[in-house]
Each structure stands twice: as structure tokens, then as C-alpha cells.
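Engineer: Okay, here's what each chain looks like letter by letter:
There are 2 protein chains.
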Amino acid sequence: MAKPNAVYAQSGGVTSVINASAYGCIKAAMAADFIGDVLAGLDGINGVLEENLIDLSRENPADLEALRHTPAGAFGSCRKKLKDMEKDRAQFERILQVCEAHNIGYFFYDGGNDSMDTVDKLSRFARQEGSPLQVVGIPKTIDNDLPITDNSLGFASAAKYNTVSMMEGSLDVSSMFRDSTKVFILETMGRHAGWLAASTGLGRRTDQDGPHLILLPEVAFEKQNFLARVEETVGQLGYCAITVSEGTMDTRGKFLTESETTDSFGHAQLGGAGQYISELIKKDLGLKTHSAVLDYCQRSGRHVSSAVDVEQAMACGARAVALAAEGHSGVMVTIVRESSSPYRWSLGFTDAGNIANKEKKMPREFISGDGFHITDKFREYCLPLIQGEDYPPYENGLPAYRRLKKNLRPVKLPPLGAGSGAGKQS
Amino acid sequence: MAKPNAVYAQSGGVTSVINASAYGCIKAAMAADFIGDVLAGLDGINGVLEENLIDLSRENPADLEALRHTPAGAFGSCRKKLKDMEKDRAQFERILQVCEAHNIGYFFYDGGNDSMDTVDKLSRFARQEGSPLQVVGIPKTIDNDLPITDNSLGFASAAKYNTVSMMEGSLDVSSMFRDSTKVFILETMGRHAGWLAASTGLGRRTDQDGPHLILLPEVAFEKQNFLARVEETVGQLGYCAITVSEGTMDTRGKFLTESETTDSFGHAQLGGAGQYISELIKKDLGLKTHSAVLDYCQRSGRHVSSAVDVEQAMACGARAVALAAEGHSGVMVTIVRESSSPYRWSLGFTDAGNIANKEKKMPREFISGDGFHITDKFREYCLPLIQGEDYPPYENGLPAYRRLKKNLRPVKLPPLGAGSGAGKQS
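First to last, the sequence lines map onto chains A and B. Numbering of the first sequence is given in this note's numbering, commencing with residue 1 and proceeding in unit increments. Numbering of the second sequence is given in this note's numbering, commencing with residue 1 and proceeding in unit increments.
For the record, the hints were derived by calculation from the structure and aren't laboratory data. In this text, all values refer to a predicted model and were calculated from it rather than measured experimentally. A hint or two may mislead.
Which copy is meant is left open, because identical chains are indistinguishable; a pair holds if it fits in one copy or across any two.
[Unchecked claim] Computed cross-link-like contacts, DSBU-like style, restricted to lysine-lysine with a CA-CA straight-line distance of at most 35 Å:
(1) Lys-361 <-> Lys-254
(2) Lys-3 <-> Lys-412
(3) Lys-288 <-> Lys-83
(4) Lys-283 <-> Lys-223
(5) Lys-288 <-> Lys-223
(6) Lys-405 <-> Lys-27
(7) Lys-254 <-> Lys-283
(8) Lys-360 <-> Lys-377
(9) Lys-81 <-> Lys-282
(10) Lys-405 <-> Lys-81
(11) Lys-283 <-> Lys-81
(12) Lys-87 <-> Lys-282
(13) Lys-361 <-> Lys-282
(14) Lys-412 <-> Lys-81
(15) Lys-223 <-> Lys-360
(16) Lys-83 <-> Lys-406
Let the hints inform the model, and build the full structure from the sequences given.
Structural biologist: So this is what it looks like as C-alpha cells:
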């Protein structure tokens, strides 16, 4: 029988280095003598369910090389979560059917907490059904909230981007406050954990530098206390720069601006925390404000990525293949910190079930006593991760990002839903 | 008598290269044998009015060198505009008194349309009063709306930043649209002219790349026409990326943000043009959107500046000193395009009165027939300006931006308002 094929797929919010993980994984899989063809799922697990399998042998080699420096999800990502193994049995069966039809023995899934739930469930279902399919996860999320792994891929680059943005915005407001804006606000992503917001504190070297205040999801927002600190800072310096995480909550545990919509994972769709803070300061303190919402730009800002992040992303992608070679399934690659100074790391792994649906918040020792700043312990943790500048190549003044052709392999099964019994995508 | 001293000052919204102009000007002034001490005004013209003159000889030389790569206004900027020469005579007299007290013979003012009004008026007042003071302007504004000069300093870097941001945000939405956000919106600065919004079109190389639609202040916003184009794009590609200038106006000539609308939850509309477009698409098309507002980050984003911009900024600063040496006053340095391909430029000058209070909008030939795109003529104009990457040096993972000490020269006059007759700052 032919050597089993491998499929790589991307899931959840993309990052500036998720394609660098893809590059590491695909390159290792192509080089591995135990793997046949290397495929990719179009739009994550959807690609497997729907038999939309990208034939990587038909891509231009230069385009595959460009994965190393091209941000966002080159193969398409998804927000699809597999439900209960027994209730949603048809979906799991369909995945195994597609894998069997295409002789897929290895599934590498690049994602965060929800995606590791898929790794966990699918590997257990395969084992239970006697399928040889091995499933290995790669730890991706800019939110850095995966437990066990020391950091998650994409976080360091987003942290670097956000920190540089705060440094620049803070220099801006400090040169304009005399006749103009007094308060600059930067809203960061981070739904439940403050890692990204906290990282903006790394660029603060003197009292003049922002952020003067950081609002974290881990610390309940008290309006009067916060406004007093803004007023105090403006009194001392003439201006104030503030970072606010989109996940910041009030003392009742409500997001600063809770929207009524949810994403397909059932999470509240956020955004607007910066605007909330801006309006509050304008109204209560009568100060002119400006606020920036970097939104997707922070997670796809490959032009200012951390070299450590890019290196780890490629290494984790390659390690997923090595774990498969060793017979592992239902596991996720982890980054292990050997020492902070000098920074030394290695790779390990853990059961995906240890990661699935769990969130690692900022530990209290990383947050200053007043709740508005980071501590030296956090600096010791975070600074090593943002080291080094891995610039993309430029052509004609702009980054040489590339798109793949994404040619699909011929289908071998009836379409999803045509007798397979698999449900429609939720 | 001692050689006359020179003062450099910054005015209006700052840029990522205004300090590079300062660097060019200060370095040339320090090297010029006809200039004595080189000073800087604290917070623009305010520094001269209030006799807050920064003594540059007391700065750390390495900090002065770092001006080349540090964004925002190192000396403080201002939004102060001198009023009518006769009605506001006291302010003009005060400036000449301060200049006389400190033997200032040269005033270099780095700013935009309003600042060139100051250059024009102050030079005429000095001439009229028999003062030897020479006033020379340096063309700065990210908005690129100064007439006569081919481009203005800071625009190219902001254009590069915005274009890269659109490329990255557009790759992001194109990898996530399947289960998630369908429309990505990027709001750019540019209150009266669309240069910055238009520049984001430079990164679009295929139909898949954003921006699919660009909303410019020069083209009246027609809601139904716009929504039809969004729907069409989402129908074809599954997603749509949109750039909206903060200065976009409706058919009645009102800014989008002045439109009386409510958001999709019936709340009164707050925020900017990006949010307006976002809510409109959510409400009328029922599509999930994400929007980024780069705000100050786009004008101080020195980490991704154009090498051409940095080079021109330093050259214009130095040329201002050369113009003073040639006896000019009341003029502004201009950038002259000699050819587009290959790009060749030289420096010229014009009367500041030709620039003051005028705005150069995008010519119609730079905008596509349907009003939603740029033309090849615009590409020919803009692409040469964003060439080359002039990265700042990094230390410990972050840009080595520096702040000056800003030690002030001892005052020689009674304070402003203490008998000088000068009015309070408006």
C-alpha cells in the first residue's frame, strides 16, 4: 500500500506567522519518508468534511516558500467546532471516510483552544473506530491564552506590533498635547486574557512613555479610580496614553461594551472598548482624545513580526510531523522555556485534551499592585519573545506577500450530505 | 556682532519623518558658517512667543542623531495660527522681540498649510518692520494636500503604512470569510483630500486583493450605489475589503459622521467614518464586519517608513538652510518631480503665500470612472514615493526611539503678557 498522505489545516483567528507554521509543517512532511502526498484543507476542517483538499504539489514552489513571510491563513481558516462525538457522529465518520478515500494518515491542525478540542475528539474517535489516522495540533493564537505551552504562536508578533504602535502613538500625543489631543487610547485584541494589552507596556522606559495605564480583562474596571488616574497623569505630564483590552470588564463582570451578537463559537463579538474609554474621558474629564483600533492589522501585521515567533512557528510546524513519526496522536506541540536570561527554549508536547477549551489568564504576579501596569516578572517573560526583526522581502515598495493557487485534488466521494449523513455546517 | 542664531520649530499634525527634516535642518544649520547657535522652539511657534527656546548644544549628540529615525514631534508641535498682521500686531511684535533678544536671524518652520500662513505673514511683518529675520518653510503633512510641491513630507510613509495595513487586513479577511467576517474596513486620515485613502490601492495586484472599494473625500458617497458594490464583491469573492477616508462626504456635502444615523442596535452613532460604514453594512446587508482605525499610528508609524520619504525629509530640512543662505524669506522648499520612471526629483521653492490655506485635492485623472478605485496615473504618481524601507535601529526587540532633554535657554525678556501686550494663546 502507498505511504499515507498528510493534510495540514488552519483554524480560528489567523496570525502573522500561522503560514510560517504551515511552511515548517509542510516542508517537514514533504521531506518525511513515511509520508506520501502533502495536502491542505481548504478553510480548515471544512476542507476535510467537504473533500476540498488542496494539492500542494501543484503550487508554485516560490509561493510555498513565501508562506514563511506571508501573514493570515493561506489555506483559509474556519471557526467550525466539532460537537459531541456521539451526537455528531456523522461528521466524525465523514472525516474518517474522506481520510480513508485519500489515504490520509496524518492530520496536522494549526489552531487555538477550540481547535485542540477538534484534535482531541477526532483522535479519540479515530482510535475508537480503529482508524490509523493520527492527529497532531500546532499551538496558535495571538491571545496567548493556551495553557501548558509557554507561549502560543502569533502572540509575540502581535505583541511586538502593538508595543511598537503604542510607542509611536505615545510619542505622537506627547508632541501634540499642548494645543490638541491630551489622551491617546489604543484598543487591543484579547477576548479573555490581557497578554496582548499587557505587552504594550514593554515599550515604556520612562515616565513620559506610554502606556501610562493598561486596562486588562483580569482586573475589574472601576470607573472613578480609572478617571482619577487619567486626571493625575494629564496633570503631571500634560497627556496620557492608555491601552485597553477589548476584553476589559466592569466590576459586575460585563464587557465595557457588550454587543448582542455572537460569533459562530458563541463568543460575544467585541470591539468598542477603546471608544467606550474615549467617550468616558471626553464626557467626564472634558479632555480631547484620539483612539486607535488596530483590529486585524495587529494579528496579520507581518511587516513587524518577531524573529523568535517566526522561528518557533516554523519549528513547531516541523515538530508536529516528528510527533506523528513517533506515533503520537491527540497531542499538541508545546513551547518549553528552559531559561529567560539568556532566553532558551525547546519543544515538547501535551495531550490536546489538556488545552481544549481552557484559557490561561495573566497570573497576578505579572500585574502591578494597582492593576494598571505590568511587573518586571512580566517583562522577564515577554521581552525574550519579541526579540529580532524578521522582515518580509519587499518588491516595488511593498511586502512580497503571495497567494496560493489552491488547486483541489479530484473528489472521490459523493458530496457531503448526499447520503453520507453528515450535517450541514453550523 | 555675533553670527545670527537659527531656530527650528514644528507645527501641525506630526509625521513619522518630521524629525528627519529637523535632523537635516539642524545638522545643516550647525554646519553653516553664517549661523551661530542652533535652537528649537518648544511646541512650535509657542516656543518663540513664550521664549521657550531649546538649547540644542546641550542635547546628547546621539539623541540628535536619533531624530533621523524617531517619529512624531521631538520638540513639540502646535496648532496655533497667527491671526491678521494688523489686528494681532502684538504677537508679531513679540516674536521679533524674542528673535532680537536671542539674536535669531533665521526661523525654519516645519508644517503644512496653516504653518505656511505663519511663514508668509511673519516674513512680511519682519520685512515691513525692518527686521533682518528670514523665515523659511519645510513642507510637511501626511495629507499630501499642499499645492505646488509634488508631494509633502510624511505622506509617503503614512501611505506605505496604510497600504501595508490594507494588504495585511485584506489577506486576513480573505482567509476568514467562510465562517466569520465578510467585510474588512480600514479608516484612513485625510480630512479634505483622499491621497492617503487612495494610496491603499497600491497594494492591490489581483481581484482577490483589497481594497475592493475606496471611499474618497473627492467623490460624493452614494449609499445605494456603494452597498450594491459591496454586495457584488461579496457575491463574487465571499468577502470585501474597503478603505474609507475620514473626510468622505455624502451627496449633500456632509461628512459621513455627521449623517444622522443610528447603529444596528438603535444607539446614536458615535465614532468615525469606518464605524459608519461598518454599521451601514451590518444593518443593510446583514454582513459581519471588522474595522480598523489606525489613527495616530499611521502618521507616526516610523517602523515602516518609506526610504524616499526619509531621504526627502532630510534633504528638505537642509535645503531650508541653503535658501536662508541665499537670502530668501517667506518661501517654502518644494519637491519637484523630474521624471516618474525612473523616479527623479530635485528641490525648488515657492512663496509661502502660494501654499498658505490652500488644499490640493486628488485630480480626477487619479480616480477611476466609477469613483471607487485609483487609476494607473495615480500609481505612476504614488509608487515611486513609497520605495525603499528605512527601518529604525532596534534595541532589545523594540525601535530605539529617543526623547530629547529639551533644556531651555535662559530667558531674557519679561514673560509673555507682562507688559508685552501680546494676547493669550487662542
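Engineer: Against this structure, judge whether each hint is valid.
Structural biologist: These are the hints, each one checked on the structure:
1. Lys-361 <-> Lys-254: Result: close within a single copy only, 17 Å intra versus 45 Å inter.
2. Lys-3 <-> Lys-412: Close inside one copy (18 Å), not across copies (87 Å); limit 35 Å.
3. Lys-288 <-> Lys-83: between (48 Å within a copy, 24 Å between copies)
4. Lys-283 <-> Lys-223: Cα proximity of Lys-283 and Lys-223: in one copy and across copies (12 Å, 31 Å).
5. Lys-288 <-> Lys-223: So Lys-288 and Lys-223 pass the 35 Å test inside a copy (18 Å) and across (31 Å) alike.
6. Lys-405 <-> Lys-27: Answer is within; shortest intra-copy Cα gap is 18 Å, inter-copy 51 Å.
7. Lys-254 <-> Lys-283: The answer is both: 21 Å in one copy and 25 Å across copies each meet 35 Å.
8. Lys-360 <-> Lys-377: Cα proximity of Lys-360 and Lys-377: one copy only (16 Å, versus 52 Å across).
9. Lys-81 <-> Lys-282: Between copies, since 24 Å is at most 35 Å while 41 Å is not.
10. Lys-405 <-> Lys-81: Cα proximity of Lys-405 and Lys-81: one copy only (26 Å, versus 55 Å across).
11. Lys-283 <-> Lys-81: Cα proximity of Lys-283 and Lys-81: across copies only (27 Å, versus 42 Å in one copy).
12. Lys-87 <-> Lys-282: The answer is between: 34 Å across copies meets 35 Å, while 52 Å in one copy does not.
13. Lys-361 <-> Lys-282: both (31 Å within a copy, 32 Å between copies)
14. Lys-412 <-> Lys-81: within (24 Å within a copy, 73 Å between copies)
15. Lys-223 <-> Lys-360: within (26 Å within a copy, 44 Å between copies)
16. Lys-83 <-> Lys-406: within (28 Å within a copy, 62 Å between copies)
Violated hints are absent here; each numbered hint is respected by the structure.
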